[in-house]
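Enquirer: Please arrange chain B on chain A, whose structure you already have, making use of the hints.
Protein sequences appear in the order of chains A and B. Taking our numbering, I'd label the letters of the first sequence as residues 1017 to 1130. Taking our numbering, I'd label the letters of the second sequence as residues 35 to 145.
Mixed in with the good hints there might be a few duds.
[As the list claims (entries may be wrong)] Restraint-style ranges between C-beta atoms, simulated for each label pair:
no. : chain 1 : residue 1 : chain 2 : residue 2 : range
1   : A       : G1098     : B       : Y44       : 42 to 52 Å
2   : B       : S107      : A       : G1032     : 41 to 51 Å
3   : B       : Q117      : A       : H1030     : 40 to 50 Å
4   : B       : K112      : A       : E1017     : 22 to 32 Å
5   : A       : Q1096     : B       : S39       : 20 to 30 Å
6   : A       : K1083     : B       : Q75       : 20 to 30 Å
7   : B       : P104      : A       : G1032     : 45 to 55 Å
8   : A       : T1127     : B       : E86       : 28 to 38 Å
9   : A       : I1070     : B       : E78       : 27 to 37 Å
[Claimed, not checked] Listed next, the stretches of chain B that the computed footprint assigns to chain A, with coverage defined by at least 3 CB atoms under 8 Å from CB atoms of chain A:
no. : segment
10  : 52–63
11  : 67–76
12  : 129–137
It is worth saying that the hints were derived from the structure and are not from the lab. Only a predicted model underlies this, so the values are computations on that prediction, with no experimental measurement involved. Using N, Cα and C, we set each Cβ at its ideal position, and we do this for glycine too.
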Amino acid sequence: EDKVVQSPLSLVVHEGDTVTLNCSYEVTNFRSLLWYKQEKKAPTFLFMLTSSGIEKKSGRLSSILDKKELFSILNITATQTGDSAVYLCAVLNAGGTSYGKLTFGQGTILTVHP
Amino acid sequence: GAGVSQSPRYKVAKRGQDVALRCDPISGHVSLFWYQQALGQGPEFLTYFQNEAQLDKSGLPSDRFFAERPEGSVSTLKIQRTQQEDSAVYLCASSWSETQYFGPGTRLLVL
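Bound-form chain A, shown alone (with noise of 0.2 Å):
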């Protein structure tokens, strides 16, 4: 059974801090990996990140994927009370019809302090 656990559940933070979230996981057919962020409506997509090593930036936010550790991590510099939301990394499988299925974490929870 796929399998994704994220690190830490919660994190609370003051702004101008770097927070790093963990996500490792178990795929028997891993083809890429993605990270969104919730607020109270629908998750909205950040990255997917299919290759090692590769980093992916998008202003404060970057993540990288290491496939021979099975992990990824998120990287958010110099954060705003805005950053505040769940994150939520998912793996892709690949394999027969379950292709495009997506295995979620459980989400960590930033609390950003002003």
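Expert: Below, chain B without anything else, positioned relative to chain A:
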């Protein structure tokens, strides 16, 4: 362009009632997914459509759950004889490649 839309946004049902949740995917997206998200948890896969074909329904928790996408666009998730454990947010996502785009979800509360 318009994203994925879902309706209703909130639904309160008495135990035993049937409910129907609607998803309008992004136009042209071939793939459509339903997920269930319990409070404090990540979304869990329910079912997957490619056009009108339901290719994977392994995540549907019981035979009270039924999903359809008859014309390969709009999809409906139906839950018969709702139970309290069905209370959750039901998310729909669509895609044409590997990235899935989510709707705002329907929050279902069964009393």
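Enquirer: Closer than 8 Å, Cβ to Cβ, for at least three residues: run that test on the segment 129–137 of chain B against chain A and report holds or violated.
Expert: holds (count 7)
Enquirer: When I compare C-beta atoms, does the segment 67–76 of chain B have three or more residues closer than 8 Å to chain A?
Expert: holds (count 5)
Enquirer: Assuming the hint says 20 to 30 Å, is it satisfied by the Cβ distance from Q1096/A to S39/B or not?
Expert: At 29 Å between Cβs, range holds.
Enquirer: Could you tell me whether the CB distance from P104/B to G1032/A stays inside 45 to 55 Å?
Expert: Between P104/B and G1032/A, where Cβ atoms are some 52 Å apart, the hint holds.
Enquirer: Could one say that the CB atoms of Q117/B and H1030/A fall in the range 40 to 50 Å?
Expert: holds (43 Å)
Enquirer: Can you tell me whether the CB distance of S107/B to G1032/A sits inside 41 to 51 Å?
Expert: holds (46 Å)
Enquirer: Using the Cβ atoms, figure out if I1070/A sits within 27 to 37 Å of E78/B.
Expert: The hint (27 to 37 Å, Cβ to Cβ) holds, given that I1070/A and E78/B are roughly 29 Å apart.
Enquirer: Between the segment 52–63 of chain B and chain A, are there enough contacts, at least three residues with CB-CB distance under 8 Å, for the coverage claim to hold?
Expert: violated (count 0)
Enquirer: Against the range 28 to 38 Å, how does the distance between the Cβ atoms of T1127/A and E86/B compare: consistent or not?
Expert: violated (43 Å)
Enquirer: Does the hinted range 22 to 32 Å hold for K112/B and E1017/A at CB?
Expert: holds (27 Å)
Enquirer: May I ask you to test the hint 20 to 30 Å on the CB atoms belonging to K1083/A and Q75/B?
Expert: holds (26 Å)
Enquirer: For the pair G1098/A and Y44/B, does the Cβ-Cβ distance stay inside 42 to 52 Å?
Expert: violated (25 Å)
When held up to the earlier numbered hints, the structure conflicts with 1, 8, 10 and fits the remainder.
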